[in-house]
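All chains, please: the whole structure from these sequences, using the hints.
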Amino acid sequence: MKEKRIPTFYSINDYEGGILLPILVILMMFTIMTLYVLEDYRTRREVLVNTKDFYLAKTLENITWEEVKKEKIVKNRTVTYNLGEVDVIWHEKNKEVELNTSLKNNYKRTTKKSFIEKG
174 MKEKRIPTFY SINDYEGGIL LPILVILMMF TIMTLYVLED YRTRREVLVN TKDFYLAKTL
234 ENITWEEVKK EKIVKNRTVT YNLGEVDVIW HEKNKEVELN TSLKNNYKRT TKKSFIEKG
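So for the sequence shown, the numbering used here puts the first residue at 174; every next one is plus one.
Any given hint could be a false lead.
[As the list claims (entries may be wrong)] Distance condition first, Cα-Cα at most 25 Å in a straight line; then the derived SDA-like pairs of lysine to any residue:
| no. | residue 1 | residue 2 |
| --- | --- | --- |
| 1 | 243 | 282 |
| 2 | 225 | 261 |
| 3 | 245 | 282 |
| 4 | 286 | 260 |
| 5 | 268 | 252 |
| 6 | 242 | 269 |
| 7 | 281 | 252 |
| 8 | 225 | 282 |
| 9 | 277 | 232 |
| 10 | 285 | 235 |
| 11 | 243 | 287 |
| 12 | 231 | 211 |
| 13 | 175 | 192 |
| 14 | 231 | 258 |
| 15 | 281 | 271 |
| 16 | 266 | 238 |
| 17 | 242 | 218 |
| 18 | 243 | 275 |
| 19 | 286 | 251 |
| 20 | 248 | 273 |
[Said to hold, decoys possible] Estimated spans, in silico, between C-beta atoms of each pair:
| no. | residue 1 | residue 2 | range |
| --- | --- | --- | --- |
| 21 | 227 | 249 | 21 to 29 Å |
| 22 | 211 | 286 | 36 to 44 Å |
| 23 | 265 | 222 | 19 to 27 Å |
| 24 | 279 | 247 | 26 to 34 Å |
| 25 | 277 | 215 | 19 to 27 Å |
| 26 | 255 | 210 | 34 to 42 Å |
| 27 | 278 | 242 | 22 to 30 Å |
| 28 | 204 | 268 | 57 to 65 Å |
| 29 | 235 | 205 | 42 to 50 Å |
| 30 | 193 | 217 | 34 to 42 Å |
| 31 | 271 | 211 | 39 to 47 Å |
| 32 | 208 | 179 | 15 to 23 Å |
Since the hints were derived computationally from the structure, they do not count as laboratory data.
All figures in this text were calculated on a predicted structure; none of them were measured in a lab.
Backbone N, C-alpha and C fix where the C-beta goes; we use that ideal spot for every residue, glycine too.
As structure tokens, this is what we get:
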């Protein structure tokens, strides 16, 4: 009867060992690398979406602020755009306008702007 050959790893001292441990180590390394890549992708995607939402909200605020400066908006009101809404809140005492921006994807941002010129 012919002896069946089993794949094995040999060390320097000709120690014949099993294949289970090296395969488990390789599998564990592959799993850790895969988890790292997936976590990195998720984080980068989240940063990208937050950055995009920040600039969209900032653009809506700037458009509304220009309307406030041109005195098209002179009291508390809500300005609606196709991307979201900007609530304009006047603070007459401080000569400030508070702009609360909320996009349709639930991103929210608040900015206070003043009519007092610096310098």
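* **Pair hint outcome, residue 245 versus residue 282 [Cα-Cα no greater than 25 Å]** => holds, 22 Å
* Asked: Do the beta carbons of residue 193 and residue 217 sit within 34 to 42 Å of each other?
  -> holds, 36 Å
* Given pair status - residue 251, residue 286, alpha carbons within 25 Å -> holds, 16 Å
* Asked: Keeping to a limit of 25 Å between CA atoms, is the pair of residue 243 and residue 275 held or broken?
  -> holds, 23 Å
* CB of residue 204 to CB of residue 268, is that within 57 to 65 Å? -> holds, 60 Å
* Asked: Are the Cα positions of residue 242 and residue 218 separated by 25 Å at most?
  -> Distance of about 36 Å is beyond 25 Å: violated.
* Hint says 22 to 30 Å; check whether the CB-CB distance for residue 278 and residue 242 agrees. => holds, 28 Å
* To do: Compare the distance between the alpha carbons of residue 286 and residue 260 with 25 Å, and conclude whether the hinted pair is satisfied.
  => At roughly 13 Å apart (the allowed maximum being 25 Å), residue 260 and residue 286 satisfy the hint.
* Asked: Straight-line Cα separation of residue 243 and residue 282 no greater than 25 Å?
  -> With a Cα-Cα distance of about 23 Å, the restraint between residue 243 and residue 282 holds, given a limit of 25 Å.
* To do: Please test the hint of 26 to 34 Å on the beta carbon pair from residue 279 and residue 247.
  => holds, 29 Å
* residue 243 and residue 287: Cα distance at most 25 Å? -> With a Cα-Cα distance of about 14 Å, the restraint between residue 243 and residue 287 holds, given a limit of 25 Å.
* Asked: Is the straight-line distance between the alpha-carbon of residue 268 and that of residue 252 25 Å or less?
  -> holds, 20 Å
Hints 12, 17, 23 and 32 from the list above are not met by this structure, while the remaining hints are.
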